[in-house]
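Residue numbers (this note's numbering), protein chains in the order written: chain A, 159 to 1036; chain B, 159 to 1036.
You may find that some hints are simply not true.
Computed list of lysine-lysine pairs in BS3-like fashion (alpha-carbon distance at most 27 Å, straight line) [unchecked claim]:
#, chain 1, residue 1, chain 2, residue 2
1, B, Lys801, A, Lys279
2, B, Lys786, B, Lys801
3, B, Lys267, A, Lys279
4, B, Lys714, B, Lys786
5, B, Lys815, A, Lys815
6, A, Lys618, B, Lys960
7, B, Lys946, A, Lys618
8, B, Lys960, B, Lys943
Note that these hints are calculated values from the structure, not bench results.
Protein chains: 2
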Amino acid sequence: MYTADEHQAWVHCILLSPVQVANNLMDMDQDPCKRLCFADGRRKVDYVLVYHYRKRSSVRGSPSQHRLSVISNGSYPLGVEGKDPEGGKDEPAEVVVDVGPPIPADGEKIMIREEFEGNLKDAGLEIERDKENKAHGHAFIRLHAPWQVLSREAEFLKIKVPTKKVRHSRLLHDEWARYGAFYKYQPVDLIRKYFGEKIGLYFAWLGVYTQLLIPASVVGIIVFFYGWATVETNIPSQEMCDEDQNFTMCPLCDRACDYWHLSTACGTARASHLFDNPATVFFAIFMSLWAVMFLEYWKRRQISLNYSWDLTGMEEEEVRSHTNTVTLRYSILTSPERGVEESGELGKDKWRQRLLSAMAAGNPTGHEKLTWRDRLPGYLINISSILFMFGVTCSAVFSVIIYRITISALMAMSPDPEVKSNVRVTVTATAVIINLVVILILDEIYGMVAAWLTELEIPKTETDFEERLILKAFLLKFMNAYAPIFYVAFFKGRYAIPGEYVYVFNDYRMEECAPGGCLIELCIQLSIIMLGKQLIQNNIFEIGIPKLKKLCRTLKDKERAPKEIVEQPGRRQQWHLDYDLEPFDGLTPEYMEMIIQFGFVSLFVASFPLAPLFALLNNVIEIRLDAKKFVTELRRPEAIRAKDIGIWYNILSGLGKFSVIINAFVISFTSDFIPRLVYQYMFSETGTMHGFINHTLSYFNVSNFKPGTVPSISSLGKDITFCRYKDYREPPWSSEPYQFSKQYWSILAARLGFVILFQNLVITMSMLVAWVIPDMPKNISEQLKKEKTLLVDVFLNEEKEKLQLIQSLFSRDLTQEQQEELNVSDQTSLPLHQTQPGPHPPTSSPAPRTRPRAASFSQFTRQMSMSPRSDITQHTAV
Amino acid sequence: MYTADEHQAWVHCILLSPVQVANNLMDMDQDPCKRLCFADGRRKVDYVLVYHYRKRSSVRGSPSQHRLSVISNGSYPLGVEGKDPEGGKDEPAEVVVDVGPPIPADGEKIMIREEFEGNLKDAGLEIERDKENKAHGHAFIRLHAPWQVLSREAEFLKIKVPTKKVRHSRLLHDEWARYGAFYKYQPVDLIRKYFGEKIGLYFAWLGVYTQLLIPASVVGIIVFFYGWATVETNIPSQEMCDEDQNFTMCPLCDRACDYWHLSTACGTARASHLFDNPATVFFAIFMSLWAVMFLEYWKRRQISLNYSWDLTGMEEEEVRSHTNTVTLRYSILTSPERGVEESGELGKDKWRQRLLSAMAAGNPTGHEKLTWRDRLPGYLINISSILFMFGVTCSAVFSVIIYRITISALMAMSPDPEVKSNVRVTVTATAVIINLVVILILDEIYGMVAAWLTELEIPKTETDFEERLILKAFLLKFMNAYAPIFYVAFFKGRYAIPGEYVYVFNDYRMEECAPGGCLIELCIQLSIIMLGKQLIQNNIFEIGIPKLKKLCRTLKDKERAPKEIVEQPGRRQQWHLDYDLEPFDGLTPEYMEMIIQFGFVSLFVASFPLAPLFALLNNVIEIRLDAKKFVTELRRPEAIRAKDIGIWYNILSGLGKFSVIINAFVISFTSDFIPRLVYQYMFSETGTMHGFINHTLSYFNVSNFKPGTVPSISSLGKDITFCRYKDYREPPWSSEPYQFSKQYWSILAARLGFVILFQNLVITMSMLVAWVIPDMPKNISEQLKKEKTLLVDVFLNEEKEKLQLIQSLFSRDLTQEQQEELNVSDQTSLPLHQTQPGPHPPTSSPAPRTRPRAASFSQFTRQMSMSPRSDITQHTAV
């Protein structure tokens, strides 16, 4: 939209956020000077620009401080702080902008600043600045957008004016940003009015998600209690705990570990049943459908919000062109150069030069397009970096595995029996905590890497930039959070066959799962990572670090210019206070946190039915925490108009689809559900589960152990010829010893069959659910229809009246023989019949001045009724 | 949209199809009377209404003849027939409407007709009728839509007027509706101009589909030739043909059939390799992606067409409200009642009465809503009928199976060796032909059943009706066409294990597949049904039956009123000729045919790589055949505005998804691809395919045959102890004779694993393809952006000029102290600066007459710049 002149583009982008326009249109009839105003006490302050200036002699500051970026939050909403000297209350339209071009020298800076201000004036804005009596510090420039500018922009953005006034209660902080209100619905309309559609949509989405977590949590708890209730009657866990059966198991590590009795693993077997019972399968299907329902429900809510927030007329394309290329380009220029040097290609330098020259030529008229060849190195770096990060994640997971193996081996060798008995608990707990810390650290690093990589791609628009960044960050963080979980779910203990053990570094045998199965380990892993991540990120990253940063900044500022502030304590305006707040850095981290959580809730829900409950508890706190942060601790964000949650929806829907296949695999491969079914209906002689444990254990002849791997000290080892291990293999006495048995293949086939069945069943059901639930709520579509009918009726009536009027005019005019003044008279008389309320039809004639005056009646009528709506004439052949 | 007055709704629906409006807007400057005109020679004939009338004494005709329905085709396009007496050439706007209310007596009819015509006049249309000198026959009423009516409707429909004139060549018949033009692109724009968007979209879609069939056919042919080239080197087929190996196979039927040597099936084995080779797997993946590409490409094409046909501004909601409830209700009233009686429920009569009373109350104001309870019986009948039809289809398939079994058994018992040797060929061929005939007959029946069932549901709108009808008809016809194919692909021969044969009617053993595998039978079945269906439906249903119908009607008409026509041969106007043509009954059959074909091309493509080629050949003919039919043999269809192909897109996309899983199953279960792979990498001792055939055959001890099933006369039977059959079972000498062997389970696991792999791989790739291809072509989105920029620029300039003008006016007015005439002077002067070309901004003030005259400057400016666009004021709180 704002292409030709990029300087002009700045002005538009910064000044006119649609919410403000709409708000101002509504607020016009109120006394303007209850708010912050210009010195004349009449014109309202709509935006505040701020820049640093210093004496010629002062050193050039760090460029990163001077980026052109919109930093925000004008004022506090009512009731937050009382020290406002001018009584500026709930300002709907004030944003602080940091305008400092990064590279040019001071003289250039002033010129650019002047040009910028000139453009602001050209666009019709009015400017007030401080009397510049300070030699050094911040300068604040206040802007006022007059009525005609607002309404012109409103026209471009196709904002509808509500004909009915909606009463808004002015109560945001008390209604929303406190923990006591956790049981209430969020005042989404108020949030949108104050923060704009984009942030409004985020909180609406968070609300819908949290609300829908309630049924999921309830069903999850029921499934958990079903397991708890049936654990006593469950034959496999009974058999495991039965000391009479006395299965002698093969040792869990070389030499140091002894043979052991299966009944010692009774506890984990019982715990495992809490999560791994037939109800889990039902729950996995339920949660897959739940994810679909959630998305469908959100679509409807979004349409409702679009309707009540007057976004139905907003065009998709509008959003995409909300460009701020300049910011982007500067940020590329100032971005660290190490990344480019990293790839070390030959053509790299040429590419970089081209890139830079293209950017340097980024003056308003020069549009040197980046070709495919220019972009290729950027993409290559991208791909290789992402692969590298994948490698880093995998090695992190692998290091933790090594840690576990070595520590277990060392502890098992310890002579202290106390140490020995606690091996598993200690190792598992410490390893998971290490995992968690690694995840949290890598999470921050990956966020930065994603931003850097996206800058290398030079996307064209802000939206494009954001989408690519989100996608990359999501990929990296998702992998980071889930890699250890995937390992436990699908790889751990799959290669632990006696005689065929896999060794790492020639010395350490790969670990096996706990005796109760891998599912219980998956459960522990999931719950610790999920809870830990949420608690730590909530407490440290969202509350602690911002507070720390603020403290640092305040200290720094005081150090730098202590005099001015002390000198003029009474002159601190609202914008000085606001400038001290933390800048707002986008919704991405908030969404990301929730999406990763959504992954925990949907992806591995088959192994951990309590995940929705934990998510729900977290979110109830999270909403109020975010609210408090937005209202009291951040500068007011620029209000951005948005129709939907953008790429997050696609990510959610992708996660939903991915969760189906993951759950299918967890149920069929990680849990014992399928082996149990197959045993009961295919192998069991009694048709019951009795003998299942014996069936799952294969025999191993201890004389087949490789030399040096036999337990060195053994209390049981003397009279043992066979030990047992969990797998389906031929016994040592068969014709094909230790080969996969027929049971193995039949169970594998059943497992795979279940995956196919589950996946296709759930996909079909999801499609059905999505198809049955209409995207648009019925009342909204009816409302839209009604509005249309009303419009058509009014239009038709006016049409009729107009025709009659013209006919009567014509007959009069012809008798008066005053054809010369035809045009004048009919146009002036048009407003006569426009006294009725309702939409106003287009009335004036678009006829050019050159048309013949003595028009025939038919020709005249034709021109009269041909309406001048810009839509009709929009289809220009460019 | 047209809700309040339904009579008025008739008028709108019948008269003003948007294409006409657009065409007329463009044609205004041409001499109107080159076309069909009113008697005054100036007003153009836009629509023709027709009704039957007869003497009071004449018998009441069949009600079905009198339905209110739009029957169509005004005139021939240029060059079709020369006997046009008035030179009416390429009329863009003439449709014949048959207005005869179905039930009321003649007096009522006349009243309704008069009310209808009154409404037409109220809507601004002009009417011309024949001098009614005939006592009996058709009456034609010509309508003319004046300019202001057209432009008012254009405004409602948000039609944009092109600012650049597009030159259209007037050559439709020669360009399109002849076979000689098969290699050319279709003139889609011309088609749309003449037939409206809906039909234009159909032909555009057909064109895209046919065009994309070309690469699919080429790859299919390559795959076929790959099979042909490798058949000599293919070890399994070599081994089958090798007479030295001499596998003695178990007999194919009880008693009558003898043991046989596998080498006799050499021919089918070689033929089977043509279709079942490793390239097929690649081809199946290719075709799944092809289907996705096709849909994506079509989406783009659709958006391009929307842009060039000015549909971008059209609102979705508009389409849905294009209601013609009255037609529907009447058709329900006159629909045969047998259906309702069929269900035989108790509450049925009550329901029916309610339904009828609701319909009887279908006067303009009465809106008795049908509740859930009213609709329930309808839905129940629906579901039960559809299930019943499923049953019918299945029994049809089953009957054909019985036919095959009995005939084979009978022929095998025949003493004539000539008959015996031809058993398989004869039986297969006749059975497939019977199948085909059954399919064709059921197809017609199912079409009618679907229509009847949809009427029972009483959908609210025409679109809704169409969608439901299509969905049902598709379900039934799809099942009908594919049931026998599914049987061959997945069920045939799966239960033919010696000693465990499945019998039907206690006597007939279920058939096995041909010795070469089921795939070759699937191939034959597919090709015959596909080719036969296409050829027969094209020739008989699309050409033969319409011609026959026309002949019948002509004969009937001649018989009834031979005098009038003979008497007035010179007075036959264009509309008389058009009335003789076949009425147009929707695009549904055309689409349906193509979608079923798309199913053949995508669903079983793994078993028949030549399907795309056959489809391509058919479509090249089909396009021209349809074109000829539309141009010369049907009344001109009512032009309907449509943005997309509606539910057909969903069906296509659903078929595409379904095809992935079907192809996965065909490859892994019907073809020998997986067993071969598993053999080569798991069981083969040499790592080659040698010994594969032996591996696939199990042993059966002939002494285990049940009494009476041993071959009665056998040339080989004496020295045989074991015969072989195709399955993986334990041999008779094992500990578990005839149980599934380990090979069976491992191959089953591999097959299922392949299904999972294939399905998820293809789904992922499809999503990637759909994501990579943007929905909107780049040039279109750039064009839209450019138009927007242009509009904004013009708007901004005008804004500036206007402000300046107002300022100057104000200063003048204030000095002149003529504030009383303020409104008049500024409004008359507004057109002054509108001489530049381009879109016209809204200029008049919407200020009501009551506002104070002595306005302040700021207030005045505000009102001036607040634009009167109806969009802005549309958001009324109803």
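Exercise for the section: Hints the structure violates: just list their numbers, smallest first. Expected result: Result: hints 1, 3 and 6 break, sorted rising.
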